[in-house]
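**Q** In order, the protein sequence lines correspond to chains A and B. All the letters of the first sequence, read from the start, carry residue numbers 1 to 330 under full-length UniProt numbering. All the letters of the second sequence, read from the start, carry residue numbers 1 to 411 under full-length UniProt numbering.
Don't read these hints as lab results, they were simulated from the structure. C-beta atoms are modelled at their ideal positions from N, C-alpha and C, and glycine is treated no differently. There's no promise every hint is true.
Partner residues aside, some chain A positions facing chain B, computed with beta carbon under 8 angstroms [claimed, not checked]: (1) Ala-36; (2) Phe-39; (3) Tyr-40; (4) Ala-44; (5) Pro-45; (6) Gly-62; (7) Thr-63; (8) Val-231; (9) Phe-253; (10) Ser-282; (11) Gln-285.
Restraint-style ranges between C-beta atoms, simulated for each label pair [said to hold, decoys possible]: (12) B/Glu-310 <-> A/Phe-7: 47 to 53 angstroms; (13) A/Phe-7 <-> B/Gln-80: 52 to 58 angstroms; (14) A/Trp-108 <-> B/Ala-58: 40 to 46 angstroms; (15) A/Val-8 <-> B/Asp-139: 40 to 46 angstroms; (16) A/Leu-106 <-> B/Asp-139: 55 to 61 angstroms.
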Amino acid sequence: MVARIGFVAPIVVYLVLFFGYPLVSNITMAMREFTAASFYTGEAPFVGFENYAAVIGDPVFGTALLNTAVFTIASLAFQFAIGLGLAVFFQRYFPLNGVLRSLLLLPWLLPLVVSGTVWRWIYDQEYGVLNQVLLGAGVIDTAMPWLSSTSMALTAVTVANIWVGIPFNMVILYGGLQGIPAQLYEAAALDGAGPWKRFSAVTWPLLRPVSAVVLMLGLVYTLKVFDVIMVLTQGGPANATQTLTTWSYSLSFQDLDFGAGAATGNMLILLALVFAVFYLRSTRQSAGAAAREAPRRRVPRLPRGRSATGGARASVAAAGEPSATEQERS
Amino acid sequence: MHTKPANGTRRLRAPSALMAAGLLTLGTACSASDDGDVTTLTSIDYNLAEPQNGSTQAMLDECGEQAGVEIERDAQPRDQLMPSLLQGASQQELPDLMLIDNPDLPQVAATGALLPLEEAGVDTDGFYDSALEIGRHDDTLYGITAGVNGLALFTNTAMLEDADVDPPATWEELSDAADELTEGDTSGYAFSAIGHEEGTFNFEPFLWSNGGSLTELDSPEAVEALDFWSRMVEDGSVSQSVVNWSQADVNDQFLGEHVAMMVNGSWQIPVLDEEGLEYGVSPLPVPESGDDPATPMGGEVWAVAQNGGEREELAVEVLQCLLGDDNLTEWAELNAYVPAKEDLADQMAEDNPEMAPFVESVPTAQSRTAELGEDYPEVSGAIADAIQEALAGSGSAEEALGQAQQSVPTS
Chain A
1 MVARIGFVAP IVVYLVLFFG YPLVSNITMA MREFTAASFY TGEAPFVGFE NYAAVIGDPV
61 FGTALLNTAV FTIASLAFQF AIGLGLAVFF QRYFPLNGVL RSLLLLPWLL PLVVSGTVWR
121 WIYDQEYGVL NQVLLGAGVI DTAMPWLSST SMALTAVTVA NIWVGIPFNM VILYGGLQGI
181 PAQLYEAAAL DGAGPWKRFS AVTWPLLRPV SAVVLMLGLV YTLKVFDVIM VLTQGGPANA
241 TQTLTTWSYS LSFQDLDFGA GAATGNMLIL LALVFAVFYL RSTRQSAGAA AREAPRRRVP
301 RLPRGRSATG GARASVAAAG EPSATEQERS
Chain B
1 MHTKPANGTR RLRAPSALMA AGLLTLGTAC SASDDGDVTT LTSIDYNLAE PQNGSTQAML
61 DECGEQAGVE IERDAQPRDQ LMPSLLQGAS QQELPDLMLI DNPDLPQVAA TGALLPLEEA
121 GVDTDGFYDS ALEIGRHDDT LYGITAGVNG LALFTNTAML EDADVDPPAT WEELSDAADE
181 LTEGDTSGYA FSAIGHEEGT FNFEPFLWSN GGSLTELDSP EAVEALDFWS RMVEDGSVSQ
241 SVVNWSQADV NDQFLGEHVA MMVNGSWQIP VLDEEGLEYG VSPLPVPESG DDPATPMGGE
301 VWAVAQNGGE REELAVEVLQ CLLGDDNLTE WAELNAYVPA KEDLADQMAE DNPEMAPFVE
361 SVPTAQSRTA ELGEDYPEVS GAIADAIQEA LAGSGSAEEA LGQAQQSVPT S
């Protein structure tokens, strides 16, 4: 018992100190009128939900919320689709496969400030390579203000962020594909399944758990994207690329209205939490379904909080095929 | 077949590494507090670029020696200065000497942590009244500047000669000249309209010289000033990209000869001189000839923390030395700032003709925070948004400024 507590204690202390405490103080800060002076005097009058009301009543809030939604959904959809396409592509054997795959990792390895700066050059209205190419090819007649027009900036920033996120999706999905036993494809081929059928009947269902992880991580990551937007547009022009993250920063550190900044931050946390709950529920359900559908084969009982790989095993079992891990065990 | 690494071990290892990192941070956060005789003072600034970095250090060393203390200097990146000051304030441990950008001073002064300088006996003789104004909060002097800067019009000499254009003095001349100088890839004119304080700073001279004020943003004078800006973007003599250009970006465009005229600050002069581009400097154009120019006063102020009797006294002694004539002149020359004392500034204008327009503008230059005090940052942000909306969005100047007016506190 003592040993068990000793084992758990470090992580509990860590979580309380570096996760619990900031979270709680952020929640209390959002309920106070917390200005620059509050830091020194310690006086921050309690205002209840006034900060939330002020933030939600601010015309920028609607813009930021919509931008966050568009930015996140578009980023996730394209990163995932392109990442999956590339992962499937790299499953084939061809010369330089490994080299190309490593090269595609580059966007993920570059510091975001570097990627952002490069994209800023690409998008530059007068001298950017994008406008030069499009003008040269006759696609457009006049140089487009990619980053300096309120109607185009969000798209431009989203495209840059998609580019940054593709390697992450590709690598994890590629890993997931490697985990699908080759004999399933052989069996499917023997049954006369074509490439599309093999993808939809074997790859896609067996990749679902990994996809869920990728999308969940991608969601959390995209909701809090900051650097790319800061480097490209700083949330401008005229808030056209302002997301809840950048707005929270600007409320806190430019307007020095820390209460309002904290309130915005809390709403962002709440948003991520909602999706996290959905994710946990969906993995629990699929694990539960697996246990019902395959009663004869005992699915190894997973410890509390089923992990991603746990989910993978469970739904592989649900597909009625022996999974790699189970084969090793039996 | 494929063996996966046991996840359990990895999951454990990551937190313990973070834990170790956390403990390290805690370790460095605890610093010894001094007691008894004061032998060291602390100081903070954001002069990280050379030559300012070295000369700030040298000046502090020298003045510290005169006062008989060692000065521990902390230089932070510019955007980290305020957060780190606020952090210090929450521990009741502000650095003894702080070099703060003047629009940020009211925020720090409002905490009540700063020493009123006049009561502490800081000598303000010979300083420009306008330069002292930027250090005041609630009519008390909390910050004092060594040198100030302002905005002026920089012109590319060769381009203006080729087009047979004189440096413009009124808005109409400016807009005609910008038109004339716009050709192919070159825009006639540029300014920073970036979405924060720098954009607002560039707009203020136009707002003020047209009779507008920071508290009545929806006034016809303010709308007219912003309309003047957006018309030039519309007709193409100013690139729409200015909404993403900081003042440094504008300077780069001017250096690359992509822009024939620009609004910028005196601090760009050393950069321009280094590149060897031939340029002229003239006062910012005003609406009608004969109107008074009104540029916002730029520059940093020194402030002293209320850290107790002996430390305050020593800090004031060091400050007095930093404000000595020689130091003021040296500082101004290094930064291409205007010395805050009138006679030194006049001398500088005589020695460096390109500084003359900046020296001229100092007596009438306005403090950005005089009217709004600690509400300035929020209003400044709203103005920057309005500028962007009018220049790059679908809104008119009138709608955009009407929106911005809502951020002005009503009292």
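**Q** If you test the structure against every hint from before, which numbers come out violated?
**A** Failing hints, ascending: 4, 5, 6, 7, 8, 10, 11, 13 and 15.
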